[in-house]
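Turn these sequences into a full structure, and let the hints steer you where they fit.
If you're matching them up, the sequences are chains A and B in order.
For the first sequence, this note's numbering puts the final residue at 358, and the numbers step up evenly by one.
For the second sequence, this note's numbering puts the final residue at 461, and the numbers step up evenly by one.
Misleading hints may appear alongside valid ones.
What the hints assert, rightly or not - Each computed DSS-like pair below joins lysine-lysine, with the alpha-carbon atoms no more than 25 Å apart:
(1) B/21 with A/286
(2) A/329 with A/316
(3) B/387 with B/119
(4) A/300 with A/240
(5) B/387 with A/264
(6) A/286 with B/43
(7) A/286 with B/24
(8) B/452 with B/117
(9) B/43 with A/258
(10) A/316 with A/37
(11) A/37 with A/321
(12) A/32 with A/308
Stated by the list, open to error - Computed far set for chain A versus chain B, every beta-carbon distance over 12 Å:
(13) 32
(14) 42
(15) 110
(16) 213
(17) 217
(18) 248
(19) 326
Claimed, not checked - Taking CB as the label site, the calculated pair distances span:
(20) B/119 with A/345: 14 to 24 Å
(21) A/91 with B/128: 42 to 52 Å
(22) B/132 with A/169: 37 to 47 Å
(23) A/345 with B/356: 52 to 62 Å
For the record, the hints were derived by calculation from the structure and aren't laboratory data.
The C-beta atom is built at its ideal place from N, Cα and C for all residues, glycine as well.
Take a look at the letters that make up each chain.
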Amino acid sequence: MAKAPKSRKSPAKSPSDDTDFALHSLQDALEKNKRFKASDEQLQHFYEQMLLIRRFEERAGQLYGLGLIGGFCHLYIGQEAVAVGLQSALTEGLDSVITGYRDHGHMLAYGIDPKVIMAELTGREAGISKGKGGSMHMFSTEHKFYGGHGIVGAQVSLGGGLALAHRYNDDGGLCLAYFGDGAANQGQVYETFNMAALWNLPIVFVVENNQYAMGTAVKRSSAETEFYRRGTAFRIPGMKVNGMDVLEVRQAAEIAFKHVREGKGPVLMECETYRYRGHSMSDPAKYRTREEVQDIREHKDPIEGLKKFMIENGSKEDDLKAIDKDIRKVVSEAADFAENLPEPDASELYTDVLVEEY
Amino acid sequence: MAIELKMPALSPTMEEGTLAKWLKSEGDEIVAGDIIAEIETDKATMEFEAVDEGTLGKIMVEEGTEGVKVGTVIAILAGEGEDASDIEAPAASGEVDDVQGEGKDVGREESEAEITKPKPKAEVRDPDVPEGTSYTSTSVREALRDGMAEEMRRDERVFVMGEEVAEYQGAYKVTQGLLDEFGPKRVIDTPITEYGFAGIGTGAAMGGLRPIVEFMTFNFAMQAIDHIINSAAKTNYMSGGQMRCPVVFRGPNGAASRVGAQHSQNYGPWYASVPGLIVIAPYDSADAKGLMKAAIRTEDPVVFLENELVYGRSFDVPDMDDYVLPIGKARIMREGSDVTIVAYSIAVGLALEAAEELAGEGIDAEVIDLRTLRPLDRETVLASLAKTNRLVIAEEGWPTCSIASEIIAICMEDGFDHLDAPVTRVCDEDVPLPYAANLEKLALIDTPRVVKAAKKVCYRD
Numbered sequence: 001m002a003k004a005p006k007s008r009k010s011p012a013k014s015p016s017d018d019t020d021f022a023l024h025s026l027q028d029a030l031e032k033n034k035r036f037k038a039s040d041e042q043l044q045h046f047y048e049q050m051l052l053i054r055r056f057e058e059r060a061g062q063l064y065g066l067g068l069i070g071g072f073c074h075l076y077i078g079q080e081a082v083a084v085g086l087q088s089a090l091t092e093g094l095d096s097v098i099t100g101y102r103d104h105g106h107m108l109a110y111g112i113d114p115k116v117i118m119a120e121l122t123g124r125e126a127g128i129s130k131g132k133g134g135s136m137h138m139f140s141t142e143h144k145f146y147g148g149h150g151i152v153g154a155q156v157s158l159g160g161g162l163a164l165a166h167r168y169n170d171d172g173g174l175c176l177a178y179f180g181d182g183a184a185n186q187g188q189v190y191e192t193f194n195m196a197a198l199w200n201l202p203i204v205f206v207v208e209n210n211q212y213a214m215g216t217a218v219k220r221s222s223a224e225t226e227f228y229r230r231g232t233a234f235r236i237p238g239m240k241v242n243g244m245d246v247l248e249v250r251q252a253a254e255i256a257f258k259h260v261r262e263g264k265g266p267v268l269m270e271c272e273t274y275r276y277r278g279h280s281m282s283d284p285a286k287y288r289t290r291e292e293v294q295d296i297r298e299h300k301d302p303i304e305g306l307k308k309f310m311i312e313n314g315s316k317e318d319d320l321k322a323i324d325k326d327i328r329k330v331v332s333e334a335a336d337f338a339e340n341l342p343e344p345d346a347s348e349l350y351t352d353v354l355v356e357e358y
Numbered sequence: 001m002a003i004e005l006k007m008p009a010l011s012p013t014m015e016e017g018t019l020a021k022w023l024k025s026e027g028d029e030i031v032a033g034d035i036i037a038e039i040e041t042d043k044a045t046m047e048f049e050a051v052d053e054g055t056l057g058k059i060m061v062e063e064g065t066e067g068v069k070v071g072t073v074i075a076i077l078a079g080e081g082e083d084a085s086d087i088e089a090p091a092a093s094g095e096v097d098d099v100q101g102e103g104k105d106v107g108r109e110e111s112e113a114e115i116t117k118p119k120p121k122a123e124v125r126d127p128d129v130p131e132g133t134s135y136t137s138t139s140v141r142e143a144l145r146d147g148m149a150e151e152m153r154r155d156e157r158v159f160v161m162g163e164e165v166a167e168y169q170g171a172y173k174v175t176q177g178l179l180d181e182f183g184p185k186r187v188i189d190t191p192i193t194e195y196g197f198a199g200i201g202t203g204a205a206m207g208g209l210r211p212i213v214e215f216m217t218f219n220f221a222m223q224a225i226d227h228i229i230n231s232a233a234k235t236n237y238m239s240g241g242q243m244r245c246p247v248v249f250r251g252p253n254g255a256a257s258r259v260g261a262q263h264s265q266n267y268g269p270w271y272a273s274v275p276g277l278i279v280i281a282p283y284d285s286a287d288a289k290g291l292m293k294a295a296i297r298t299e300d301p302v303v304f305l306e307n308e309l310v311y312g313r314s315f316d317v318p319d320m321d322d323y324v325l326p327i328g329k330a331r332i333m334r335e336g337s338d339v340t341i342v343a344y345s346i347a348v349g350l351a352l353e354a355a356e357e358l359a360g361e362g363i364d365a366e367v368i369d370l371r372t373l374r375p376l377d378r379e380t381v382l383a384s385l386a387k388t389n390r391l392v393i394a395e396e397g398w399p400t401c402s403i404a405s406e407i408i409a410i411c412m413e414d415g416f417d418h419l420d421a422p423v424t425r426v427c428d429e430d431v432p433l434p435y436a437a438n439l440e441k442l443a444l445i446d447t448p449r450v451v452k453a454a455k456k457v458c459y460r461d
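As structure tokens, this is what we get:
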């Protein structure tokens, strides 16, 4: 029999010790004050970021149509407010982000150069992964962006590991782990919820509920369609957020990040959003009506919504148009860059398989 | 400026399609998001959506046209301030023009560079053990633990996680004493949740730590194999060398004793088939310790395969401060000139026993312990083959698609001229491992079978 260890205390208080646990505490805080009070500068920044994602993705769709982007290409159009609202609240250089294969928007929201992202999509040597990763596999350790993962749900437990590293190093950072309503039915998500709550990890789980897991509507795949409730079994507080309103997303981020940074453990945030395009470029999207998509575009579009708010608050339409023009230029330059640079050298085939030589 | 609308590729494989229907007419105002046309691919009818704003100037391809090549101009869009009726329609042709900024497909010239595979580092040998060094008889179990503990003392980032690794002191007592020394922050008990904690361990490595993830046995790692392969092994390559994943997955592998089919399998060949992974399977205590330390230090993800039946065996370990062995180098356990027996893990013991027996019959066998299964030390195997001209592989595992198969391929490809007899493999029987004692014995590799095979390749049976 082994001798008893000196310390039998687990590092964190068990979640079940907390009798005052209130699943709704964060949601209540959000309900009280739903929209972030942004400065004019911040508003403009949100607008630029969302528009950059929109225009970038439209162009990516075009380049795919022209055969310059191959394989799978999952566009973020419609979901822009989620990445922009959340990531604008992160502490740069400290917090980490991880997501699935619909990752272009998150990278752009991080301020990563659109050129190297587009060049990765076209499989060129100047791409952020040297053309070896492609649309679904992009990383920027410099920005603490950890991918870009092609296996549905894998990023959730990997994100748990990033959060573990934050706590291990006691650096005060948190991990933002995005996944979709489809990934929300993967078993490892709940394995991670359990450990994240048990170990009090600094992580915000974000379900980007865009209503369809590829072609399967939420109600056809999920017994509990209110994803923010799915942390209940692990005593993780949930938040339900309008993911089409960047100011509400940002406000929710403020509340969730504060909770996590105070050492109170993980948060599960559901952002209700909508993907305008098919699951990937080759999806004919016959599982929903054209009217449904059109209705969201006309009434809930995150960019139009913010534009309206900004004009009501004194922004000039012409100024916003000028922003659009600038962004089109940035995207065109990125596309030119990505089309004209060479593919990776053949000598790169066997590089980066391993880091070390043996 | 007028914008050319081109026949889009709507699936990864589409080369041409049918322009089924125009939903807009010439002169119509178009805003981004409008569906302009329906296009039939080989798989489905897709909607063609406008990205730019303008007026539909000229339709170049009539609806109902089949076999429209991807990239063909199908319509012209007049931009803001342009009169759609003024647009000069380009001559319709099947040829696809390259237009700057709109899919000018350049940069795809054949690379003149050669594809170069990495070559093994020349002359890497085990560290010299200075004369006069004392040795301590140590069990493999303790040697593994000592290797981990030394690295944990050396590097704050190293930690251990897994089922029962801390308070229970290890299901097989490999982590015994680590909690006492390093505390619960660095020796972490996990719930029974292999997929989840393998992912957390892998993510922690991406985040800059040096996790050692223990699987109670590698049979359970099948639930986590996605993270080992898709998340850990491929990340460095997919990120163009940007993101590393220095994690060690370790635990007992292979058949134990009377635990039946689901708890008795050798995963060496599975992991050894994956580029991006290092796979280590030591036999004795010194190798267990020296290679464990190397596994923890390397920047690459490692699968470290131990063997439950070997944990309790004791071997000499040199009393050295920092005994680190090279990854990817086999070890000649016994020199010989008549036949080579290649083995790894528990089968090394059988090979050594067989060599003893063969010596009694006048056959001088050389025994090679591969130690690392990936990258495989081809050079040592081929050099031995060149010397003995006969080779047998002993492997505790299934024969099909095995390490033995791989060694045979290497010998055929690069050692054919040295062969005086067909290379022969001695593996477990090709069945799920049975429970009944007699059947289990029949199914598993044993020394007499290795002896028999060696005699056969020496034409002495």
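Each hint tested on the structure:
no. : hint                         : verdict
1   : B/21 with A/286              : 17 Å, holds
2   : A/329 with A/316             : 20 Å, holds
3   : B/387 with B/119             : 23 Å, holds
4   : A/300 with A/240             : 17 Å, holds
5   : B/387 with A/264             : 66 Å, violated
6   : A/286 with B/43              : 12 Å, holds
7   : A/286 with B/24              : 20 Å, holds
8   : B/452 with B/117             : 38 Å, violated
9   : B/43 with A/258              : 48 Å, violated
10  : A/316 with A/37              : 19 Å, holds
11  : A/37 with A/321              : 23 Å, holds
12  : A/32 with A/308              : 23 Å, holds
13  : 32                           : 34 Å, holds
14  : 42                           : 26 Å, holds
15  : 110                          : 14 Å, holds
16  : 213                          : 18 Å, holds
17  : 217                          : 18 Å, holds
18  : 248                          : 24 Å, holds
19  : 326                          : 16 Å, holds
20  : B/119 with A/345: 14 to 24 Å : 19 Å, holds
21  : A/91 with B/128: 42 to 52 Å  : 50 Å, holds
22  : B/132 with A/169: 37 to 47 Å : 43 Å, holds
23  : A/345 with B/356: 52 to 62 Å : 53 Å, holds
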